[in-house]
Amino acid sequence: MVDLIIELVIIILKIGIVIGAVMMGVAYMTLAERRLSGFIQDRLGPNRAGPQGLLQPFADGIKLFFKEDFIPDSAEKLLFFIAPGMIFVPALCVIAVIPFGDSLNIFGREIQLRIADVNIGILYIFAIASLGVYGIVLGGWSANNKYTLFGSLRSVAQMISYELALGLSVMGVLMITGSLRLTEVVEVQRSYFFGFIPHWNIFLQPVAFIIFITAAFAETNRLPFDLVEAEQELVGGYHTEYNSMKWGLYFLSEYANVITASAVITTLFFGGWHLPWIEKIPMPQILLELLQIGSFVLKTAFFSIFFIWVRWTFPRFKYNQLMSLGWKVFLPIAILNVLVTGLFYAIFS
Amino acid sequence: MKRVSYKETWVDKLYIPAVLKGLIVTLKHLIRPHKNITIQYPEYKWKPYSHYRGAHRLNKDEQGRIKCVACEMCASACPAHCITIVPAPAPWEDRERYPIKFEINMLRCIYCGFCEEACPEESIELTEVYDFAGNSRRELIWDKEKLLEMYDLTVNEYYKGKPGTFSYSKEKKEK
Ligand code: SF4
Ligand code: SF4
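Chains as they are written, first to last, in the working numbering: chain A, 1 to 349; chain B, 1 to 175.
Careful, some of the hints might be misleading.
[To be verified] DEER-style ranges, computed between Cβ atoms:
{"id": "1", "chain 1": "A", "residue 1": "Leu123", "chain 2": "B", "residue 2": "Leu23", "range": "53 to 59 Å"}
{"id": "2", "chain 1": "B", "residue 1": "Asn135", "chain 2": "A", "residue 2": "Leu290", "range": "52 to 58 Å"}
{"id": "3", "chain 1": "B", "residue 1": "Phe132", "chain 2": "A", "residue 2": "Val156", "range": "50 to 56 Å"}
[What the hints assert, rightly or not] So these bits of chain A aren't anywhere near chain B, every CB distance computed over 12 Å:
{"id": "4", "residue": "Leu79"}
{"id": "5", "residue": "Pro276"}
{"id": "6", "residue": "Val329"}
I should point out that these hints are in silico values taken from the structure, not numbers from a laboratory. We put the CB at the ideal spot given by N, CA and C, even for glycine.
Just chain A, with the same shape it has in the complex:
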């Protein structure tokens, strides 16, 4: 009984810490986005709230909470109300299966550093991540506005098209790993080629990586694939009619999606929490664990910043370009990648 309670407390603590970390990450992503875009455009970005603008996310949050919560008269009230939640929850759920470290040994108790070690981890990620589209569709439809409807229709088509490429590109990784369990995906990547190059999937599956990261841009509705909220054509896209904290939730879930996508990329292609070379230096177990968590956070942060960096570099695709890129380029290449990987696998093992 006592054991069970301790287990429960540990799990709740883990959930709290992970969600807290992701939320902090999201808050500071908004700041990073604005400041980095400023630097890229030779501006300074918001730097007045606190030192270097570090309190800006809180100022924004307070502002959003105190704004008038307005629901359009013609909106489908119930759906309009719950849609932001429907995108925010899946965005956070995905992080549950991602291992952010090996295991900590505290007071003789092994603590696995992941919330849930699901044996179909990758499937779970795809299943939950694609639920997010409902938030966008229902939000756009229930607002009863033609622009929001356009935005959500685009989002559905885009998500479906790119999910194919996304799923197929991961197949190559799965064939190498032989498991859907993310813990094992990381485990396999912990060895070295020739004793010094880390055995990360990026070196084995570069094509899959490029397809995956591009499709991830499309899945998270980030530029250059942000046709869902193309300001110049659709006012604000699917969230045109939203305001105050409901709009804030859409905004936050976009960044939460970016962070989870970065975490998935890190886990699948960059060895997850694997810290190459340094792990061979003898040091106390607990220090190594913390360093490994740090390496996971660092890698995820790098890809989150990469998302921002890409956004302020490339112009938006046209809709037909988006579709033909997804169906005519990425899908065939992804299938080819699977075939080639299978061939190599059959020959060399």
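Following the hints, position chain B with the ligands against chain A.
This is chain B with the ligands only, laid out in the frame that chain A set:
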């Protein structure tokens, strides 16, 4: 006409080199922000060039009296009709009239500088001051006292530094 065409090679069709090139361009700006473009305004202020037309002032002569003789040339030259002058007999020997009331509506003014050109006494002048504001419309109708005060403020340079540049001016904020 000679047509120049560029044949796409297979490397171009991959798009990846072009994508990387684009990323490097933005990276260069990211790690080396060209900070000089943004002026951190209240702390740093831009020094206008000498031909800049900002807020007005009314000049004083050597004895500290207002130079204006209330001839109303400026008021009639003003295309925005924003100068109001009420003349009175001057208390001094050297002129007949002087203004007892001299108001410029800074909100209507278009800062064309015609008043300065029209003035025979070189009394009214546009200064380099650009950062003035008020809490009401009434506050931005500047009267004689305010305009004479502007002379005291701007007789020595108001913004520091070389024209076209900006420099730190915290103490100017307190004024
Ligand atoms: S600057 Fe032009 S508009 Fe302004 S007061 Fe002088 S003449 Fe009138
Ligand atoms: S400011 Fe000059 S032009 Fe205007 S009334 Fe006075 S002297 Fe005449």
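Hints versus structure:
no.: 1; hint: Leu123/A - Leu23/B: 53 to 59 Å; result: violated, 32 Å
no.: 2; hint: Asn135/B - Leu290/A: 52 to 58 Å; result: holds, 55 Å
no.: 3; hint: Phe132/B - Val156/A: 50 to 56 Å; result: holds, 54 Å
no.: 4; hint: Leu79; result: holds, 39 Å
no.: 5; hint: Pro276; result: holds, 24 Å
no.: 6; hint: Val329; result: violated, 10 Å
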